[in-house]
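Peer 1: Protein chains in written order, with this note's numbering: chain P, 4 to 340; chain Y, -7 to 289.
What the hints contain is simulated information worked out from the structure, not anything from laboratory work.
No experiment lies behind these values; they were computed from the predicted model shown.
Glycine residues also receive a C-beta, built at the ideal position from the N, C-alpha and C atoms.
You can trust all of the hints, since none of them are fake.
Anything over 12 Å on all C-beta distances counts as not near chain P; from chain Y, calculated:
1) Val49
2) Ser96
3) Arg146
4) Glu154
5) Ser205
6) Asp208
7) Ile210
8) His214
9) Ala254
10) Ala267
11) His270
12) Asp277
Derived Cβ-Cβ restraints for the label pairs, each shown as a range:
13) Y:Pro209 / P:Ala52: 50 to 56 Å
14) P:Phe162 / Y:Val252: 42 to 48 Å
15) P:Val170 / Y:Pro89: 30 to 36 Å
16) P:Trp236 / Y:Ser178: 30 to 36 Å
17) P:Ser153 / Y:Pro107: 23 to 29 Å
18) P:Arg79 / Y:Ser178: 58 to 64 Å
19) P:Glu215 / Y:Met281: 48 to 54 Å
20) Y:Pro89 / P:Ser332: 33 to 39 Å
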Amino acid sequence: MTAVIGDGGRSVVGLAPLLDPAARTDVRVRTISARRRRSDRAVTLALWAAAGIAVVPLVSVVVVLVAKGGHLLDGRFLTGDIPLLTGRAPAACRSISEAFRAKYDLDCAPPVPGVGPAVVGTLLSTAIGALLAVPLGVLGAIYLNEIGGSGRIARVIRFSADVMTGVPSIVMGMFVYTAWVVRFGTAGRSAFAAGLALACLMLPVVVRTSEEMLCLVPDHLRHANQALGGRRWQGVVRVVIPAALPGLTTGAMLAVARAAGETAPVLFTIGVTLRTNVSPSGGNTTLAQQIYDGARSGDPLANQMAWGAAITLVLLVFLLTALARLVSSRFSTRLDG
Amino acid sequence: MNTSTVHAPIAPTAPTALTMRRGDPPVEAAIGGTRHAGTPEVVLDVRGLSVSYGDRVAVRGVDLRIARNQVTAVIGPSGCGKSTFLRSLNRMNDLVPACRVDGSVTFHGIDLYDPGVDPVEVRRRIGMVFQKPNPFPKSIYRNVAYGLKLAGIRDDLDGRVERALRQAGLWDEVAHRLGASALSLSGGQQQRLCIARALAVEPEVLLMDEPCSALDPIATAHIEELMSELARRLTIVIVTHNMQQAARASDRTAFFTTEVGADGLRTGVLVEVDATDHVFGNPADERTMHYVTGRFG
Ligand SMILES: Nc1ncnc2c1ncn2[C@@H]1O[C@H](COP(=O)(O)OP(=O)(O)OP(=O)(O)O)[C@@H](O)[C@H]1O
Ligand SMILES: [Mg+2]
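Could you put the whole structure together from the sequences, leaning on the hints where they help?
Peer 2: Laid out in structure tokens, this is it:
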């Protein structure tokens, strides 16, 4: 207390000409604020720069994609059949249709080259994977959070899920290849087999994100259910799942969006097709596989196909992600009362 | 073990099966007990109750009878085991994994801790309101109808919901927006909604754990009024830190405190339980007097 008074006294003496309280306040405010304004401007600038740098890779990917594949993207490309490309196209050809006309007899080649079968195959195999992984994953998460708790079995499952999340996706492809495809020979390669591999990939992600979402539902809601004469499972069905639904949906959809772009699990499991195959059995193809095949080929036409498939895939994943966001914002409910 | 003194004579437990169905004639009609009658009927008979968490005893040796159609207040310093005691009256302690209950709590002649008793049925008959309002993130209507749906009651849902909301003094405020989210209500309204939700299933006993601690004085007064209204039809046990509330709103008061044993462990014990006027005006135990007059010993 005394120290403060003494200090105050000294500064008053030091600022004798500015003893007018208003003037003194004014001076001090201006000095502090000038320094603050400088550091404020510097930090703001640094943050802007950081954000800008973070956006650079994203923007450049989109720019390159649009530049290389943008001109291919139209309704006919999205629905057209996949061309069988073998040789080299004449170097003079600029557009894919021109090259086709030059190179192939239009009667035997698909009238309009496109990635239609790959779009269908991507949607089909991803849907199969999601259908397998999402219900199982959510049920597993319910077990972990509502029943297993910190028990031994739950801990083992949680640990396995974490390890599985880290397993490279190509290993999932190999697993399904040996466990499923090999058993059925060439006929084993199908959208279903690819869906199995994608499900293996999605499952641990769905389990862990769903568990987090269930964990966010406050315990007092579970207690309220029980205090009203509800059994535990009734609370799970009537309170916990509805409350966690937006989060569960978002988590599942983000896992699905990621799986849609996977290449490795699909490579050995999906087989091949040039025509649209809407059946879960029989050879199929995905956009990711088209990119892989097209990019490896020495044929410039195949390369172009790869760019077209790439921009299509990015668009598809973007749509899935946007849908997930929309769903979560639409159904979002405040959990805490 | 403890110095509980009982002034008013209390009749022995009325034997009624715990499996009594909803819609059976109310026990009070059969027994003839009403509020402030000469010998109130005992609804909950607690004998030698001890509750431990793991190997730590939280409350020891509670002997207490809770009379029908009365408001029983439970007071005492923080950590003395009031909530623990309250939760043991409708087996909410079962939800705490390491919790163990010894002694007996008799409800209509049946020990609630008998292995044959279904805790879910117990909680249906002995409702609970928590310290923090905890409505479900659903509509107002669905909150109140929740317990009814659990119990499989489908007839006259609307009427039952309305009656429960009226009893909780909330009807006029929410009648025009039953479909709105319960979370859009104010804290006091949410707490009354939780009371309505508990009342909808027509429990015989309502346990309230500091139901007003998150509320402002007006909302608190509202709920106190409600309690004396409700006590005409059911039995209320309320834990409170608010001495005035206990004095104003309760018929009987139980005072708990913490005893430090020779080993340094703290255990909650019931010091005395008596008519509220007695506890506040002329307590039998010195510790009670110190507590109610604001001096700790
Ligand atoms: N779930 C639990 N697990 C372990 N110990 C617990 C648990 N709940 C309460 N206890 C312990 O039991 C004792 C009594 O707690 P309780 O919550 O019943 O006290 P209280 O009288 O309600 O206190 P307050 O007035 O602060 O609410 C405390 O020492 C507390 O630490
Ligand atoms: Mg408490």
